[in-house]
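4 protein chains.
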Amino acid sequence: MIPVMDHDALRLFLEDEFAQVAQDFRIEAVTSEGIILRLKVAEGHLRPGGTVSGPTLFALADVAVYLAILSRIGPVALAVTTNASIDFLRKPPAGRDLLGEVRLLKLGRTLAVGDVLIRSDGLDDPVARASMTYSIPPKG
Amino acid sequence: MIPVMDHDALRLFLEDEFAQVAQDFRIEAVTSEGIILRLKVAEGHLRPGGTVSGPTLFALADVAVYLAILSRIGPVALAVTTNASIDFLRKPPAGRDLLGEVRLLKLGRTLAVGDVLIRSDGLDDPVARASMTYSIPPKG
Amino acid sequence: MIPVMDHDALRLFLEDEFAQVAQDFRIEAVTSEGIILRLKVAEGHLRPGGTVSGPTLFALADVAVYLAILSRIGPVALAVTTNASIDFLRKPPAGRDLLGEVRLLKLGRTLAVGDVLIRSDGLDDPVARASMTYSIPPKG
Amino acid sequence: MIPVMDHDALRLFLEDEFAQVAQDFRIEAVTSEGIILRLKVAEGHLRPGGTVSGPTLFALADVAVYLAILSRIGPVALAVTTNASIDFLRKPPAGRDLLGEVRLLKLGRTLAVGDVLIRSDGLDDPVARASMTYSIPPKG
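Chains as they are written, first to last, in this note's numbering: chain A, 12 to 151; chain B, 12 to 151; chain C, 12 to 151; chain D, 12 to 151.
Calculated from the structure, these hints are not laboratory results. Just so you know, not all the hints are guaranteed correct.
Put simply, identical chains are the same to the list, so a pair is met inside one copy or across any two.
Here are the simulated DSBU-like pairs of lysine-lysine, each with C-alpha atoms no more than 35 Å apart in a straight line [as the list claims (entries may be wrong)]: (1) Lys51 / Lys102; (2) Lys102 / Lys117; (3) Lys51 / Lys117.
The following block holds chain A by itself, in its conformation from the complex (with noise of 0.2 Å):
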């Protein structure tokens, strides 16, 4: 599991296949076990109350553990996403960014598997916990 795609590499593809949302998140780092993400928590992404979404969660997991996946077997834009199970741990407070941190668990040759551990940047206790799986689609 060797990463093909460096932070670079990686932070192009999220530009071109998801200018919407690209300027929400940073790659912090590509690491051993996957990579961390960064989301940058502004108004958009909070509920009354001042907590950060539930879909914005769900966001952050998805495109987390999709890009850990594209780091190790290169850009495959039609990766699929099968499955998602969530625990909502905490309440994510407004005005700390996210940080999302993947380890890759199995890369198959028709299933990815990754999960994603969520913490409000500075704080110690993770806010969510996500596993996604991916059903990479045939060489052809």
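Given the coordinates of chain A, work out where chains B, C and D should sit on it, guided by the hints.
Using the frame of chain A, we list chains B, C and D on its own:
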């Protein structure tokens, strides 16, 4: 599990508590098992390629089960999602609204659970299935 | 999704391929949505306190969705469970069999997905809900 | 999350409360994040073909996270599993014990959440990943 909020009461609650997204949704029916909620699919819900995005499906599932619970226990604005599990089954085409059909499975003292089957309007095969758990705050 | 294996064909398959546990199960019906599978609850399925154990509920869900898939695609002995998500809703009392009602949600080329609602025989409220994903080996 | 039950206290609890299965398990360590639990794989845990069965992996995950929670909150015999989500990543070969490494993610007043990575003893790649939620009964 007899409803205590009808269609109009749920609609008003949605408009009050989720003002930013209320116009995206329409309550189709309060049913014997839960509710049916429509997501009016618009440009902002799509991914490149023209399918509805994952975070949009998550939001539909989350709001649908949330409103179904409230239809039975009344307007408890603070119920919190603790777990979500989603199977993405088929790509939802652009140009069709999505309909989420909720079955309430448990309304306990501290936890409520429901699942939702999501279809593109006019098509038989489901595009996603989700189950959601909510923590209900203690009465005080 | 017209069945290609009927009640008797499924029963023979179960006895051949799951000889150790076949006597625990009975196929109640092949339905338009999937199948209904009975687990004959016995002493070995119980936890201290007299409720059916979690691994037993998992096994019922797994076998039920597996057989429902085979009822549509024929006896592919090697389909593998890749994901399971289970909500435990109520304690299943001892002294009642369990009935798992399967809905097949997707029968794709490489993945099949079904969910199952589990009830104690004679009681209305479900004791568990599970969704299961199986990887189908390529033909060849 | 400092442990309040050590290795020996957990072992005694396991023998008292799970007498039927206690001999299958061995507590390897109480760690800073949770515990490590060994399943001594035997004939009864195998499926035809010689891999460890799904219900066995479920049981390992369930007991491991349960004991990890108790190691922090003390012997509350009535905590109940409310949700389990499992990814089956690779077939666990027969002839090797399984090791489940638990990370406690939340120890709340009413809910506790942990995840567990399961490996075959001596092999690097995980065979399964599970997250489990438990409802903690109110003190009284």
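Is it within a copy, between copies, both, or neither that the alpha carbon of Lys51 lies no farther than 35 Å from that of Lys117? both (28 Å within a copy, 24 Å between copies)
Pop the pair Lys102 and Lys117 into one bin, within, between, both or neither, using alpha-carbon distances up to 35 Å. Intra 29 Å, inter 12 Å, cutoff 35 Å: intra and inter.
Could you figure out if Lys51 and Lys102 sit no more than 35 Å apart (CA to CA) within one copy, between two copies, both or neither? Both ways: Lys51 and Lys102 sit 16 Å apart in one copy and 28 Å across, limit 35 Å.
In this structure, none of the earlier numbered hints is contradicted; all agree with it.
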